[in-house]
Amino acid sequence: MSPDTWHILSVFVAFVAVLFVCGIYSILVTRNLLRTVIGIEILIKGVTLLLIVVGYITNQTGLTQSLVITIIVIEVVVMVIAGGIALSMFRNIDSIDTRNLTKLKG
Amino acid sequence: MPSLLVLIPLFGIILLNLPFRRLNEKYVFWFAVFLLSVQILFTISHHSLFWQQGMGYIDSFFKVDFAIDSLSFIMLLCIAIVSMVSLSVSRYTIPDPRERFKFINLLMIAAIGMNGIVITKDLFSLYVFLEITALSSVVLIAFQKDMNALEGAFKYLILSSIATIMMLFSIALILLVSPGTSFAVIAAALKESPNSAVIIFAMGIFICGLFIKGGLVPFHGWLPDAYTAAPSAVSILLAGIVTKVCGIYTAIRVIAFVFGFNEVIKSLFMFIGLFSILIGALAALGQKDLKRLLAYSSISQVGYIILGFGTGTALGMAGAVFHIFNHAVFKSLLFVNAAAVEKRIGSSDLDRMGGLSYRMPITGSTSVIGVLSTCGIPPLAGFWSKLVIIIALWQSGHYMYGTIAVLASILTLAYLLLMQRKAFFGKLPKELENLKDLKEVGPEFTLPSIILAMITISVGVFFPFVFDKFVVPIKSIFMQ
Amino acid sequence: MTINIILLIAMTIATLWTVMGRSLLKATLGLAVTSVVISVLMFRLDSPMAAVFELSVCAGLITIIFVSAISLVKPLTHKEAIVVSKDRMKRFRYLPLLVILFGVIAGFFGIPNDFKPIYVALANDVRTVLWSLRQFDMFGQIVIIIAGALGVVVLFREKEKR
Amino acid sequence: MLTNVLLLPITVPTAAALLILMLPKKFRAAIDAISLFGSFLILLLSILLFKRNLSYSMPALGFGIEFSLRLYHFSGFIVLAAAFFVFLITLYSNAFLREKSYSKQFYVYLLLSLAFINGAVLSDNLVSMLFFWEGMLITLFGMIYIGGKRSFKTATKAFIIAGVGDLCLMLGVAICFYISGTLAISKLHIPISGIGGAAFILLMMGAIAKAGSMPFHTWIPDAAIDAPLPFMAIVPASFEKLLGIYFLSRISLDIFEMSPDSWASMTLMIIGSITIVFAVSMALIQKNYKRLLSYHAISQVGYMILGIGTLVPAGIVGGLFHMINNVMYKSCLFLTGGAVEKQAGTTDLEKLGGLKKYMPVTFICYVITAASISGVPPFNGFFSKELVCEGALERGFIFYLAAIIGAFLTAASFLKLGHAAFLDKSKNGKLPIKEAPIRMLIPMIAIAALCVLFGVWNSLPLKLFIQPILGQERLGGRDFSGMPHNSLLVVITIMVLLGALLNHRYGVKKHGSGLKAAEHIHHAPVLSYIFNKAENGYFDPYNIGLNISYGFSKVAFLFDRAIDWVYNVFIIKVSKVFTAAARSLNDGSYKSYIIWSLLATGAVVIFLIKSMIGA
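Protein chains in written order, with our numbering: chain A, 365 to 470; chain B, 99 to 578; chain C, 10 to 171; chain D, 6 to 620.
Some clues are possibly wrong.
Unchecked claim - Computed cross-link-like contacts, DSS-like style, restricted to lysine-lysine with a CA-CA straight-line distance of at most 30 Å:
1. B:K219 with C:K125
2. D:K581 with A:K469
3. B:K537 with B:K386
4. D:K362 with D:K347
5. B:K219 with A:K469
6. D:K578 with A:K469
7. A:K469 with B:K441
8. D:K596 with A:K467
9. B:K243 with D:K439
10. C:K35 with D:K439
11. A:K467 with D:K361
12. D:K361 with D:K515
13. B:K525 with D:K581
14. C:K125 with D:K615
15. D:K158 with D:K347
16. B:K520 with D:K581
17. D:K362 with B:K520
18. B:K441 with A:K467
19. D:K559 with D:K439
20. A:K467 with B:K243
21. A:K469 with C:K99
22. B:K364 with D:K615
23. B:K386 with A:K467
24. A:K467 with C:K95
25. D:K362 with D:K439
26. D:K362 with D:K596
27. D:K439 with A:K467
28. A:K467 with B:K520
29. D:K596 with C:K99
30. A:K467 with C:K99
31. B:K528 with A:K467
32. B:K289 with C:K125
33. A:K469 with B:K528
34. D:K578 with B:K386
35. D:K596 with C:K95
I should point out that these hints are in silico values taken from the structure, not numbers from a laboratory. As the structure is a prediction and not an experimental result, all values here were calculated from the model.
Build out the structure end to end from the sequences listed, making use of the hints.
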């Protein structure tokens, strides 16, 4: 693998990894439901970025772009649904604190 | 022809949703029933010429060729059966026609998603249809919008998003090596490329993503919560088929045809399978809630499937697929009974139940059949598939796994008979006696449960016929 | 290549700000900023269509959704906001350390280059791929959009009875 | 067609038994008629079959086990004897069981046990013989059990003792099969060294258990009181002796190659002589008519075992001749006992007495058979005992001495019995006792006449029945019919009998009544201690076995409690712990699920990379 592509790939992968860490950390630590959804959004941005980089390196930009477009469309819908759930939860108990989400256990 | 399974329902739904609402609400149920029965008919008689020419030209519309082999046919059959059952149960549990209209639409979308997964030959469209099924199941779980349902839905959503992110991550890494994303191309690319850490990392991530979707033990957190939170009709769909298609079928398809089998993956699957059998059964032993018990029991049964698949031999995989079919049938049977009980008593807490089979004989007896088939008692279907799996284990030399799997079926017997005794036998508690409408449930429940019970019995009794017609062709797929 | 690295660093800062931002609105804005930076990066990695999409949908649509969701949710009273933010800082102070540490490790190890990524000679254009090769995915997108619509109807509609 | 005629002795009695079983109880006359006619038919059949050599075999279970029958002189003789006595006993019990409720059951068991004995005797394969042998066990239990309310204990006792005997038999059969590879009795020739010896001991124990000799005898005296009398007359008196001694002789003559001076014949002779002496001494002190007779049945078996054990032609012929004689006079004595019981209402000697005047025919039959059992010259008992004594003398003086003591005590006890029951002044008030009904008298008179016939003209039974069994070479060319050759023995026997008479007169004078004639022996210093101990069952192996098993069951009970604890308490506690552990994974918060999933993914990935790269 030519040195510079490897260099580009490793830099981007490093930063995607950082994005990944931020996303996971925010999902695990936050107590607000919407921030969890934002965390997932961050993860997805990281993956799209990685896809684009891979496309750039392997000269398959056409394929990766179409994949990214599909992903973005799908993730928008998922975000909407997640927001919807958060909202209806708020309507039920007037709070979107994740600590209320622990009744089903055992 | 396969496009019929995905295309027609979509157009149907679009048609239904647009014009005059009142008319559609009445006919949506029968339209859905029609579509699913067409699917059942197709899967059973797929060799007949009618399907080949008649619908051939629709396929030409799609340039993508579909992977229809006997493995997909069995899955399509399961999808159709379980969706039909869930449909008929929903007709009774969701009284308001407008709500039911939305419910049936979502159900149809979930069915489209699953059909898509089963017939796709492309890793990325696999992700797309996985996402469709996941999304529609999330909405279905959150359908009643009470606190529990939302909690279950949210957990399912978060975990399945994590799973999809993992899959996308691995697809991105695989694209480094393979020019396209269809199974054949990736398989070829992976074969030549040396065993590099990145590719193995990608494979590992993908497999774990599927494990989360399939609800195997270390990843199974969301499953019991999602099943108990969901309305009873949805938990039938979820337990019966969704986790199996999204998690297990995809694992089989991807591992067997894309990543290829090697000793390491086999031992991984075997270990995970065994682990989930044991933990699932042990956890189910101490449950107080009926649906939660059945959820853990399905984790344990899925463990059997993965164990069977992990042997790597053609017989083992055929046994696994056969167990998927059996499990879909008797698990949805048990959940139908749970739904009937919940409909009549209002709660699914085992301690408040007792002696229900006196008032609800059909539910009681069909649940006995379901219980016996799950435990693998000879005349019924469950026994044969478990037997095939254990024989495969034995032949491939994994004696220890085989013995533990057999012993675990004792645990299965324990918690299911415990459930049966607490819920259906024993004596009727006082507060249930005077409950006025504690009588047998309507045909929406009894009809599907009887049909499912009949399927279990007939598959069990006519096993040689079933073995040749279904299981042998599956073995041939995995042969090469 | 250095410009990419600068952009990547900007992205990381924006992400950190999103995650650690005190108020929810600031978090959504941070998200929009990261998405803008990412679309710029995409432009540089010659996949313009994806960049445009990212910009319009992620930066635009999702931010709008989040803002509308936040507005529907009752804002915290001022006093509560301070308590929550103080508590948040306590929890989040490890993140930057973690990020820097991780960046160093990733930079140092990087990806083992024991494999050679392929180089596809004639890469076809996005349009051809999207419309001719990936039709099944397009079909999937249609279905998911309908599912999303139904989901919104189910989740957002108030129950008449209550 | 001819071959399956051989099946008839088994099928006809069974058919008759089943027919009776189907009839409701109140058709008493019909039942009596069928059983009588059935036994008569079998008698004719066995007379017809007597002189033929037939064989029949039908493969049954494989492994060398087939259902094969073989009729030759010896088995034909046993079948004939059995049929003859069953006919007489049936005739007798038609009258005796008139008002008894269990008569129907009795006939069914009687005919079934006849079928079983025929089957056992005819069968040529050890396993099929075993099958019929076990059948006898069941009918034995059945017949004792219907005797009365208290008889269940005795029935189980008999069942267990006979069961132990049969168990030894089975083991022996297994060892024979192991050694010789075949189960056909005619083809078995096993040396008695090493395992063969063990096989012999086991089979011998099975045979003497069936015959009712010393170690396995304790159920017979109890059964004498509890079981119905016709049972005592037919099973312990004739069937057991016939079958047991038949099998013992087959073992010692055919199956095992035994030389006269081998250890096996020594053991047989010892057992025989011990049985003779102890059983008859116990008989002496009995106060009950039937118990006294039952002890004599045991001691007479001793003579037969001693006779066969000598393996000397004289001894064997004597033993076999004694077998048939004993069957005759023993059953007739029991029949007289039955007559006394029916007419006088009791068999307790204290209440009986002075029956001579009221039951003259019974008295005459009693005198004849008592004389023949004691070995008084003109009767059949004398000749067979002489032969046995001759054989015993040949093998060793001690055995001859035992035989003589046995003769002395037998004579003494029967004089005592006769005097107490028939000659003394009647003690119970119920004076007007009538003679027994005619149908009970006929069998008694017939058997008594036979005893005289076999005695006076003893060449008939010897030449016709006994000697052909051994065949010329074993007889050593001698013909044992006619007067005993060794006149010295005759003189000694007569001396002994006179001694017994004197002792009896002395006992009567000393103690007044006939009943106490043997008191002076009973209360002799050492003997009395042993007698009292034996009387209350101290030496009874059955009671010893019970105590041991009782201790053992206590231990087993504790062990069982421990297993219950493991299942009820321990396993539940353990499973609770595991269940809690399994469920701890789901603590409700999705965050822990995510953590678990990511950790597991990390583990899986590391595992895959390490093992794949490594491989």
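These are the hints, each one checked on the structure:
1. Proposed proximity of K219 (chain B) and K125 (chain C) is supported: the alpha carbons are some 26 Å apart, at most 30 Å.
2. Proximity of K581 (chain D) to K469 (chain A) is assessed by CA-CA distance (about 17 Å); at most 30 Å being required, the pair is judged to hold.
3. Under the criterion of a C-alpha separation no larger than 30 Å, the hint pairing K537 (chain B) with K386 (chain B) is consistent with the structure, at around 23 Å.
4. Taken as a hint, the K362 (chain D) and K347 (chain D) pair is honoured in the structure, with Cα atoms around 16 Å apart against an allowance of 30 Å.
5. Between K219 (chain B) and K469 (chain A) the CA atoms are separated by roughly 38 Å; this puts the pair beyond 30 Å, and the hint is violated.
6. Taken as a hint, the K578 (chain D) and K469 (chain A) pair is honoured in the structure, with Cα atoms around 22 Å apart against an allowance of 30 Å.
7. At roughly 23 Å between alpha-carbon atoms, K469 (chain A) and K441 (chain B) fall within 30 Å of each other, so this suggested pair holds.
8. Annotation: proposed proximity of K596 (chain D) to K467 (chain A) holds, straight-line Cα distance about 14 Å (limit 30 Å).
9. Between K243 (chain B) and K439 (chain D) the CA atoms are separated by roughly 105 Å; this puts the pair beyond 30 Å, and the hint is violated.
10. Our distance criterion of 30 Å between C-alpha atoms is broken by K35 (chain C) and K439 (chain D), whose separation comes to about 129 Å.
11. A threshold of 30 Å between alpha carbons decides the hint, and for K467 (chain A) with K361 (chain D) the separation of about 103 Å lies outside it, so the pair is violated.
12. Simply put, K361 (chain D) and K515 (chain D) have alpha-carbon atoms about 23 Å apart, close enough for the 30 Å limit, and the pair holds.
13. Using a Cα cut-off of 30 Å, the hinted pair K525 (chain B) and K581 (chain D) holds, with the two alpha carbons roughly 25 Å apart.
14. At roughly 21 Å between alpha-carbon atoms, K125 (chain C) and K615 (chain D) fall within 30 Å of each other, so this suggested pair holds.
15. For the hint pairing K158 (chain D) with K347 (chain D), the CA-to-CA distance comes to about 24 Å; that is within 30 Å, so the pair holds.
16. Straight-line distance between C-alpha atoms of K520 (chain B) and K581 (chain D) comes to about 18 Å, which keeps the hinted pair within the 30 Å bound.
17. A threshold of 30 Å between alpha carbons decides the hint, and for K362 (chain D) with K520 (chain B) the separation of about 82 Å lies outside it, so the pair is violated.
18. The straight-line distance between the Cα atoms of K441 (chain B) and K467 (chain A) is roughly 22 Å, inside the 30 Å bound, and the hint therefore holds.
19. For the hint pairing K559 (chain D) with K439 (chain D), the CA-to-CA distance comes to about 55 Å; that exceeds 30 Å, so the pair is violated.
20. Among the hinted pairs, K467 (chain A) with K243 (chain B) is consistent with the structure: their alpha-carbon atoms are about 15 Å apart, no more than 30 Å.
21. For the hint linking K469 (chain A) to K99 (chain C), the alpha-carbon distance of about 28 Å falls within 30 Å, and the restraint holds.
22. For the hint pairing K364 (chain B) with K615 (chain D), the CA-to-CA distance comes to about 15 Å; that is within 30 Å, so the pair holds.
23. With a CA separation close to 14 Å, the supplied pair K386 (chain B) and K467 (chain A) stays within the 30 Å bound.
24. Of the supplied pair hints, the one linking K467 (chain A) and K95 (chain C) holds, its CA atoms being roughly 27 Å apart against a limit of 30 Å.
25. For the hint linking K362 (chain D) to K439 (chain D), the alpha-carbon distance of about 10 Å falls within 30 Å, and the restraint holds.
26. Note on K362 (chain D) and K596 (chain D): the hinted pairing is violated, with a Cα-Cα distance of about 112 Å set against a maximum of 30 Å.
27. As the CA atoms of K439 (chain D) and K467 (chain A) are separated by approximately 99 Å, the hinted pair breaks the 30 Å bound.
28. Note on K467 (chain A) and K520 (chain B): the hinted pairing holds, with a Cα-Cα distance of about 24 Å set against a maximum of 30 Å.
29. For the hint pairing K596 (chain D) with K99 (chain C), the CA-to-CA distance comes to about 19 Å; that is within 30 Å, so the pair holds.
30. A hinted pair counts as satisfied when its Cα atoms are at most 30 Å apart, and K467 (chain A) with K99 (chain C) qualifies at roughly 26 Å.
31. For the proposed pair K528 (chain B) and K467 (chain A), the alpha carbon gap of about 28 Å is at most 30 Å, so the pair holds.
32. Between K289 (chain B) and K125 (chain C) the alpha-carbon distance is near 14 Å, which keeps this suggested pair within the 30 Å criterion.
33. This hinted pair checks out: K469 (chain A) and K528 (chain B) have alpha carbons roughly 28 Å apart, not beyond 30 Å.
34. Straight-line distance between C-alpha atoms of K578 (chain D) and K386 (chain B) comes to about 17 Å, which keeps the hinted pair within the 30 Å bound.
35. About 22 Å separates the Cα atoms of K596 (chain D) and K95 (chain C), which keeps this hinted pair within 30 Å; it holds.
Hint violations for this structure: numbers 5, 9, 10, 11, 17, 19, 26 and 27, all remaining hints satisfied.
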